[in-house]
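Asks: The chain contents come next:
There are 2 protein chains.
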Amino acid sequence: MNIVNNLFNIKYPIVQGGMVWCSGWKLASAVSNAGGLGLIGAGSMRPSVLEEHIKKCKKATSKPFGVNLPLLYSQIDKHLEIILREKVKIIFTSAGNPMLYTNIFKKNNITVVHVVSSKKFAVKAFEAGVDAIVAEGFEAGGHNGVNETTTMCLIPEISESINIPVIAAGGIASGKSMLAALSLGANGVQIGSRFAVCKESSSHKLYKNYVFDSKEGDTQLTLKELTPVRLLRNEFFYKIQKAYQDKVSVNDLKEILAKGRAKKGIFEGDLINGELEIGQVSSMISKEQTAKQIIDEIINEFNKQKLLIKSIKLNK
Amino acid sequence: MNIVNNLFNIKYPIVQGGMVWCSGWKLASAVSNAGGLGLIGAGSMRPSVLEEHIKKCKKATSKPFGVNLPLLYSQIDKHLEIILREKVKIIFTSAGNPMLYTNIFKKNNITVVHVVSSKKFAVKAFEAGVDAIVAEGFEAGGHNGVNETTTMCLIPEISESINIPVIAAGGIASGKSMLAALSLGANGVQIGSRFAVCKESSSHKLYKNYVFDSKEGDTQLTLKELTPVRLLRNEFFYKIQKAYQDKVSVNDLKEILAKGRAKKGIFEGDLINGELEIGQVSSMISKEQTAKQIIDEIINEFNKQKLLIKSIKLNK
Chain A
2 MNIVNNLFNI KYPIVQGGMV WCSGWKLASA VSNAGGLGLI GAGSMRPSVL EEHIKKCKKA
62 TSKPFGVNLP LLYSQIDKHL EIILREKVKI IFTSAGNPML YTNIFKKNNI TVVHVVSSKK
122 FAVKAFEAGV DAIVAEGFEA GGHNGVNETT TMCLIPEISE SINIPVIAAG GIASGKSMLA
182 ALSLGANGVQ IGSRFAVCKE SSSHKLYKNY VFDSKEGDTQ LTLKELTPVR LLRNEFFYKI
242 QKAYQDKVSV NDLKEILAKG RAKKGIFEGD LINGELEIGQ VSSMISKEQT AKQIIDEIIN
302 EFNKQKLLIK SIKLNK
Chain B
2 MNIVNNLFNI KYPIVQGGMV WCSGWKLASA VSNAGGLGLI GAGSMRPSVL EEHIKKCKKA
62 TSKPFGVNLP LLYSQIDKHL EIILREKVKI IFTSAGNPML YTNIFKKNNI TVVHVVSSKK
122 FAVKAFEAGV DAIVAEGFEA GGHNGVNETT TMCLIPEISE SINIPVIAAG GIASGKSMLA
182 ALSLGANGVQ IGSRFAVCKE SSSHKLYKNY VFDSKEGDTQ LTLKELTPVR LLRNEFFYKI
242 QKAYQDKVSV NDLKEILAKG RAKKGIFEGD LINGELEIGQ VSSMISKEQT AKQIIDEIIN
302 EFNKQKLLIK SIKLNK
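So the protein sequences, as listed, match chains A and B. Following this note's numbering, the numbering of the first sequence begins with 2 at its first residue and continues without gaps. Following this note's numbering, the numbering of the second sequence begins with 2 at its first residue and continues without gaps.
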């Protein structure tokens with residue numbers, strides 16, 4: 002079985018998801034130094050900030066790292082310019098049409114990975130010429146697809162439809178779930194939530210603690226009329242639910258969402274008015290660890306679980 | 002790693018989910034004869050019909066089989082009487098409080114398994130003294146939990162919380178997904194959708210074909226205000242969606258749902274007015290096979306995939 006190590010020239014097939022307000026140079030370089038692939042999340046960065054983070058990341062690690070670039074970002078051309086000028090070698094694109102930029106990246110010898118949440122878009126990304134895709138299930142935190150297909154169903158579906166590497170995302174935070182993802186046919190995993198609350202994440206302490214305290218069932222996919230997003234329930238979340246009960250219009254919903262809600266919640270630690278994006282798997286994350294501790298723990302658990310699985314004799 | 006073979010005295014740790022209008026004596030005995038655990042789904046059977054199916058199942062197989070019993074069923078006491086009189090040895094209970102009947106079953110030396118979709122109810126079932134639980138994720142077909150936790154997140158959460166066997170359900174229809182489920186910590190799997198459309202299922206030919214033609218994204222969880230149910234989209238489904246758009250009351254929704262919708266869709270093959278319950282994994286099921294062909298294929302794929310996983314060396 003092929004894993005994505007060679008594609009990115011990394012030690013372990015673990016990608017740290019690019020996440021708004023969490024994944025700057027500190028997190029990306031820590032993950033890369035620990036043997037995974039760190040990604041700077043450009044989605045919450047103005048172009049000058051992205052440039053600064055790329056420069057700092059280069060200084061902090063000699064290992065490969067990448068940038069996650071939401072294609073719908075308003076200043077995408079400036080982001081693009083910086084990425085090419087700084088000679089970033091790995092780009093993960095999301096939220097947009099992979100036909101638009103994949104050629105430009107490929108001409109510049111950049112490895113391109115596109116994030117999708119359905120088979121239809123996986124095939125489109127494959128046809129656009131990307132090197133790999135991230136297939137992200139319904140359980141993932143933050144923005145999410147409309148099909149609501151879970152990781153368990155999405156990975157076999159996609160990996161049997163295209164012949165480029167598939168990186169599984171959504172619900173993966175441990176060695177067990179990493180083994181499950183590879184069993185389903187994935188060639189690597191992308192982990193978001195667990196890194197979102199690790200030591201090197203730039204998320205706020207109060208947000209981290211709220212995640213550590215969360216239980217099974219505490220996140221919910223909402224705002225499906227705008228763009229579906231998975232959140233932990235808090236006062237802001239209940240405000241949205243109240244708006245649904247009051248049957249407000251999509252425009253009113255937009256007004257409630259307003260701007261900067263994710264920054265408020267994740268970066269500033271406003272647990273009341275902020276949008277607290279995180280995956281379902283947050284219920285299994287209970288303490289702050291370094292990126293290295295997380296990766297080492299996942300690899301150890303993976304190897305241990307692999308031995309257990311090896312010992313199974315199906316026939317009675 | 003322990004699998005559930007000894008608990009049920011079966012060859013493979015594969016349970017066929019009890020499903021309305023699909024799983025009578027023919028399907029249950031075929032699965033049991035093929036080495037899995039077949040279940041008669043009592044949810045769509047009047048007491049006299051259940052009695053007939055149990056008697057026929059005994060004649061059709063000498064292997065262990067069980068009955069799936071929804072605890073909210075209106076004539077539950079009559080079902081119970083028949084189960085005890087017919088000396089059924091394995092009961093899967095669902096949709097109700099496991100405290101109510103577990104003692105009665107245990108006193109009669111019946112193995113009791115309860116179906117849950119959240120950690121909270123798994124712990125309750127454990128405390129009620131059941132022998133195992135089925136943990137069913139959001140991707141599963143038919144009736145579903147309110148937490149929307151997916152199989153990938155639910156299995157580790159529950160298997161680390163209680164020390165009785167956990168049978169994973171939701172999104173499992175292949176050797177790969179079975180391997181994934183055991184990797185997550187499950188001790189066996191329950192498969193619904195694939196058996197719902199197999200040769201021995203009593204579902205209608207037109208329903209089966211509709212499932213075989215379905216694609217990724219074609220099912221949706223709806224009717225969350227009554228009891229969440231996963232369906233394939235059809236005219237009945239769009240009628241529900243229209244009702245939501247028109248912001249009708251819960252009572253009006255109940256009227257639209259009315260009675261017998263599942264029977265209409267699944268048993269009578271009314272693709273227009275029927276409720277077409279099935280799991281997300283339906284998109285991966287494309288032909289009618291016998292229960293034995295399905296089990297043999299799953300076991301072969303499981304063993305093949307296990308070898309591939311064994312060959313993975315994580316370090317570059």
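Some clues are possibly wrong.
Repeated chains share a single entry, so a pair holds when one copy, or any two copies, can fit it.
[To be verified] Okay, derived cross-link-like pairs now, BS3-like style, lysine-lysine, Cα gap no bigger than 30 Å in a straight line:
| # | residue 1 | residue 2 |
| --- | --- | --- |
| 1 | K206 | K60 |
| 2 | K206 | K255 |
| 3 | K59 | K314 |
| 4 | K64 | K240 |
| 5 | K56 | K314 |
| 6 | K121 | K305 |
| 7 | K255 | K243 |
| 8 | K243 | K293 |
| 9 | K240 | K255 |
| 10 | K305 | K12 |
| 11 | K56 | K27 |
| 12 | K314 | K255 |
No lab work stands behind these hints, which were simulated from the structure alone. Being a predicted model, the structure only gives us computed values, none of them experimental.
Asks: Against this structure, judge whether each hint is valid.
Replies: Hint-by-hint comparison with the structure:
1. In this assembly of identical chains, the alpha carbons of K206 and K60 lie at most 30 Å apart only when taken from the same copy (26 Å versus 64 Å across copies).
2. Taking the shortest alpha-carbon separations for K206 and K255, only the intra-copy value of 28 Å comes in at or below 30 Å, while the best inter-copy value is 46 Å.
3. Taking identical chains as interchangeable, the C-alpha atoms of K59 and K314 lie at most 30 Å apart only when they sit on different chains, with a minimum of 28 Å there against 48 Å within one chain.
4. Within a single copy, K64 and K240 get their C-alpha atoms no closer than 44 Å, and across copies no closer than 55 Å, so neither meets the 30 Å cut-off.
5. Taking identical chains as interchangeable, the C-alpha atoms of K56 and K314 are never at most 30 Å apart, the minima being 52 Å within one chain and 33 Å between chains.
6. When the C-alpha separation of K121 and K305 is checked against a cutoff of 30 Å, the pair qualifies only between copies, where the shortest distance is 28 Å, while the shortest distance within a copy is 36 Å.
7. Proximity of K255 to K243 under the C-alpha cut-off of 30 Å is found in both arrangements, the shortest distances being 14 Å within a copy and 23 Å between copies.
8. For a Cα distance limit of 30 Å, the shortest separation of K243 from K293 qualifies neither inside one copy, at 41 Å, nor across copies, at 50 Å.
9. Proximity of K240 and K255 under a CA criterion of 30 Å is satisfied in both settings, with 12 Å inside one chain copy and 27 Å between copies.
10. Proximity of K305 to K12 under the C-alpha cut-off of 30 Å is found in both arrangements, the shortest distances being 18 Å within a copy and 26 Å between copies.
11. When the C-alpha separation of K56 and K27 is checked against a cutoff of 30 Å, the pair qualifies only within one copy, where the shortest distance is 11 Å, while the shortest distance between copies is 67 Å.
12. In this assembly of identical chains, the alpha carbons of K314 and K255 never lie at most 30 Å apart, being 54 Å within a copy and 48 Å across copies at closest.
Figure legend: structure checked against the earlier numbered hints; hints not met, in rising order: 4, 5, 8 and 12.
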